[in-house]
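Number of protein chains: 2
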Amino acid sequence: MEIEAALERIKAVVGSRGWIAERAEQEPYLVEARRLWRGATRLVVRPASTAEVAAVVRICAEARLPIVPQGGNTGLVGGGVPPEDGTNIVLALGRMNRIRAIDPVNFTMTVEAGCILAHLQQAAAEADRLFPLSLGAEGSCQIGGNLSTNAGGIAVLRYGNTRELTLGLEVVLPDGRVWDGLRGLRKDNTGYDLKQLFIGGEGTLGIITAATLKLFPKPREVETAFLGLARVEDVMTLFAHARAATADQLTAFELIPRAAFDLALDHVPGTIDPLAAPHPWYVLLEMSSSQTESGIRALLERLLETALGEDLVADGVIAESGPQARELWKIREAIVEAQLYSGSIKHDVSVPVSRVADFIVRATAGVTERLPGIRPMAFGHVGDGNIHFNLTQPVNLTQPEGADTAAYLARWQEFNDIVHGVVRELHGSISAEHGVGRLKRDEITHYKSPVEIELMRRVKQALDPANIMNPGKLVSL
Amino acid sequence: MEIEAALERIKAVVGSRGWIAERAEQEPYLVEARRLWRGATRLVVRPASTAEVAAVVRICAEARLPIVPQGGNTGLVGGGVPPEDGTNIVLALGRMNRIRAIDPVNFTMTVEAGCILAHLQQAAAEADRLFPLSLGAEGSCQIGGNLSTNAGGIAVLRYGNTRELTLGLEVVLPDGRVWDGLRGLRKDNTGYDLKQLFIGGEGTLGIITAATLKLFPKPREVETAFLGLARVEDVMTLFAHARAATADQLTAFELIPRAAFDLALDHVPGTIDPLAAPHPWYVLLEMSSSQTESGIRALLERLLETALGEDLVADGVIAESGPQARELWKIREAIVEAQLYSGSIKHDVSVPVSRVADFIVRATAGVTERLPGIRPMAFGHVGDGNIHFNLTQPVNLTQPEGADTAAYLARWQEFNDIVHGVVRELHGSISAEHGVGRLKRDEITHYKSPVEIELMRRVKQALDPANIMNPGKLVSL
Chain S
1 MEIEAALERI KAVVGSRGWI AERAEQEPYL VEARRLWRGA TRLVVRPAST
51 AEVAAVVRIC AEARLPIVPQ GGNTGLVGGG VPPEDGTNIV LALGRMNRIR
101 AIDPVNFTMT VEAGCILAHL QQAAAEADRL FPLSLGAEGS CQIGGNLSTN
151 AGGIAVLRYG NTRELTLGLE VVLPDGRVWD GLRGLRKDNT GYDLKQLFIG
201 GEGTLGIITA ATLKLFPKPR EVETAFLGLA RVEDVMTLFA HARAATADQL
251 TAFELIPRAA FDLALDHVPG TIDPLAAPHP WYVLLEMSSS QTESGIRALL
301 ERLLETALGE DLVADGVIAE SGPQARELWK IREAIVEAQL YSGSIKHDVS
351 VPVSRVADFI VRATAGVTER LPGIRPMAFG HVGDGNIHFN LTQPVNLTQP
401 EGADTAAYLA RWQEFNDIVH GVVRELHGSI SAEHGVGRLK RDEITHYKSP
451 VEIELMRRVK QALDPANIMN PGKLVSL
Chain R
1 MEIEAALERI KAVVGSRGWI AERAEQEPYL VEARRLWRGA TRLVVRPAST
51 AEVAAVVRIC AEARLPIVPQ GGNTGLVGGG VPPEDGTNIV LALGRMNRIR
101 AIDPVNFTMT VEAGCILAHL QQAAAEADRL FPLSLGAEGS CQIGGNLSTN
151 AGGIAVLRYG NTRELTLGLE VVLPDGRVWD GLRGLRKDNT GYDLKQLFIG
201 GEGTLGIITA ATLKLFPKPR EVETAFLGLA RVEDVMTLFA HARAATADQL
251 TAFELIPRAA FDLALDHVPG TIDPLAAPHP WYVLLEMSSS QTESGIRALL
301 ERLLETALGE DLVADGVIAE SGPQARELWK IREAIVEAQL YSGSIKHDVS
351 VPVSRVADFI VRATAGVTER LPGIRPMAFG HVGDGNIHFN LTQPVNLTQP
401 EGADTAAYLA RWQEFNDIVH GVVRELHGSI SAEHGVGRLK RDEITHYKSP
451 VEIELMRRVK QALDPANIMN PGKLVSL
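These protein sequence lines are chains S and R, in that order.
According to my numbering, the first sequence is numbered sequentially starting from 1.
According to my numbering, the second sequence is numbered sequentially starting from 1.
Extracted from the complex, chain S is given alone in its bound form:
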């Protein structure tokens, strides 16, 4: 049969180290972090070069064999997981992990899709430069996945999403041809900006095999502060103040609610409250400068003083050392970890920065009305308008925690509807940074106009008419 023959040809292209047919060895490529999906496949293919990727895709195009491109498999929306019916092959980029070039004067590096994000950060640092993309999974996620999902993370405020960090791409198209768009240019107005389609395209239009990325001057001074606030309404006023007062050198502006901090203090050993008394809300703020003797410490002190004077901030601490700054960041990490200990219904939403407080107030009211005792954990990158509005299950005093978790999680869609309804009213997005994948493919159709969905379909059909690139993800045809 044709598929069988195609699989054999693919094996021949990539050689014995380049494919996995054993079910047990395939395991890491078939499941994902939250275990929401488990797929199946005839073959996991691990090509070692762009030429091999192209040859594999040409065979797939001829045989109409669908392909799921996969990076570090750390995505949370099922975009990299093959369907259960085993009809797709998985094309994993991990062996394409060379840094092709670093150009410190052009502030760029050209890297292959399978490079681990943390390795790229390190390579940039060794060239006395900064590659600013930074997120929880950086130790295992791959840059190809970051590009395909337009990953966000903690430095978006200053440096932008992965999209804004990208100057050029190399892409294997659905017919197996290679588009060499690996440019290191800040300005290039010679036609449609094609790379933008593949960035955030979740592998549905082609396979990104390499990219030319922006670098930045390395920070020499970093200042970190942890501020307690009485009212969520003041958070974004503080943000506008902070942007101006720090000369736009803010690198992070993260919101933490007391409820999440409490959970962290209970569950995560080593979490410490640096302030004398509890406050309903906290902001973790970081600024940095590529200059020594930059004066950012003084800027931050002045900001804090003014904010205290205007009652925007109730109390606050500025880290006196690197280790102390890391302690403050540990709080941010601990609130994520702490949510693992109870049932948690997740939302990754964004609204205009001016509506963040409004969103939190309205969404909290909505979910609390539906289920009194529910514990909203509104945290995240509010400097970008991005709130991880997670809902921890109510404390059940009659049962040990966990006993009613399954029943709670079964109401996932019900609470999504409430929260996403508020997002819609405020002209926000129901997937700020994690993408669409399988999780939200149908749901976005309720939040986008039919015109927009049709435009997306037309783009998909124009670039992948045979629908072999990650079919069933992002957009359905």
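No lab work stands behind these hints: they were computed from the structure.
Misleading hints may appear alongside valid ones.
To be verified - Taking lysine-lysine and the DSBU-like style, the derived pairs with C-alpha atoms no more than 35 Å apart in a straight line are: (1) S:K330 / S:K346; (2) R:K346 / S:K11; (3) R:K218 / S:K218; (4) S:K448 / S:K346; (5) R:K448 / R:K346; (6) R:K218 / S:K330; (7) R:K330 / R:K218; (8) R:K330 / S:K218; (9) R:K11 / S:K448; (10) R:K346 / R:K330; (11) S:K330 / S:K218.
To be verified - Derived coverage of chain R by chain S (criterion: at least 3 residues anywhere in the stretch with Cβ under 8 Å from a Cβ of chain S; other residues may be distant): (12) 28 to 34; (13) 98 to 111; (14) 158 to 169; (15) 185 to 198; (16) 287 to 296; (17) 344 to 353; (18) 422 to 430.
Even for Gly, the Cβ is constructed at its ideal location relative to N, Cα and C.
Given the structure of chain S, go ahead and fit chain R onto it with the hints provided.
For chain R alone, kept in the frame of chain S given last:
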């Protein structure tokens, strides 16, 4: 006849103030700044609202009547000029000039396509914010045109091109439907980023009618310096130093060659050389901060001191006042004006920032070999790798200047080929900021791969299958 009937229906939609059929009154819509093209049209249409634009386009779609969208008509590549055969209508956006909303806390404004750029800068300033897009034509160009050409200008280094300043768009599609993508979000990963196709799409995929744009904290302190350098090879080393030393607060880094400065001193009254002796190259450098007492003056002084110590810079001056800074910027403007007085063959190219000096050396050698005495004026936004490599005709000692200008300009393509050849070797772009339009539509096909040209055609066909949106511009079908 059908076209006749369509024109009458269009007139009825926009009302008597909304159309121009008189040839004489149409004049400003038919020619462009350099007078390279003169078009003709049956009708100039000036709709006053998105609904009117949509109604006009619906009629055109039915009648297969092609449309040339036009903003301030300040583009330099013929993108907004109708063809000579009079078959296209011109749809001018100038009456759609409302600022729909300014949201200072979200750092955004939502504006209609016909707004003059300078008015938007002013409106932002009145809201204590900065809209950073700034370019020579800002007093008459319209934001819709800036968006459709992804305009660059003098603040790209710090704030990015128009693309990077755009969060959302409203677009009338080629079938007359409206895509409302007017989002004010910093993060939104819910599918293909469709707005990217229309930005820089030169009106070939739809008509941008409104946009939500990013604002920034207003600068409180600005420092300007004018530096003389002996060697072009040192320019980009200085740039890398300057980025780091100014904590990435550089807003401009412009190159000026002595030859262009000489021309300005000769032709433009009021141009003054602030340095004691002449130098082969100059850098005009600006940094700014949204903070008072920012310390940027000290940063700049330290940079200059170091650069003088390392012999990167031969001499330099830092403006002591706003008027003095304006004097320095006048030099930059004067070198453009001075080129009007002789025949000048233009290039708007970019290369990786690390290759700027290399480009200038090689391209200068190439054109000088072909025509000894030719005067290359390599100036522009070199911090972005963007060089306006203009070639002033040789001084003719036997004839009054101008007598041989026509013969010189007839060699335009010959010199384009030499210069663009060097651009290609250095992986650069033959249109860094001005776009493709008619001028470079066929030329880009020699510098892009067939794969890329085909992808562009597929996108065009997917969105505008009837080819009625600005046909013959950017890409030919």
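35 Å limit on alpha-carbon distance, applied to hinted pair R:K11 and S:K448: 33 Å, holds
Verify the coverage statement for the region 98 to 111 of chain R against chain S, using a C-beta to C-beta distance below 8 Å and requiring 3 or more qualifying residues. Three-residue rule met by the region 98 to 111 of chain R, so holds; n is 6.
Under the criterion that the straight-line Cα-Cα distance not exceed 35 Å, is the pair S:K330, S:K218 satisfied? 23 Å, holds
Is R:K330 close enough to S:K218, meaning Cα to Cα at most 35 Å? 34 Å, holds
Taking only the CA atoms, is the gap from R:K218 to S:K218 under or equal to 35 Å? 25 Å, holds
Please check whether the region 422 to 430 of chain R has three or more residues whose CB lies within less than 8 Å of a CB on chain S. Result for this restraint: holds, n = 4.
Hey, R:K330 versus R:K218, does the alpha-carbon distance stay inside 35 Å? 23 Å, holds
CA of S:K330 to CA of S:K346, is that 35 Å or under? Distance of about 21 Å is within 35 Å: holds.
Tell me whether the statement that chain S covers the region 287 to 296 of chain R is true, taking a Cβ distance below 8 Å and needing three residues at minimum. holds (count 5)
Does S:K346 sit within 35 Å of S:K448, going by the straight-line distance between their CA atoms? 20 Å, holds
Between the region 158 to 169 of chain R and chain S, are there enough contacts, at least three residues with CB-CB distance under 8 Å, for the coverage claim to hold? Answer holds; 4 residues pass the 8 Å Cβ test.
Are there at least three residues in the region 344 to 353 of chain R whose beta carbon sits under 8 Å from a beta carbon of chain S? holds (count 4)
Comparing the model with each numbered hint stated earlier shows that hints 2, 12 do not hold.
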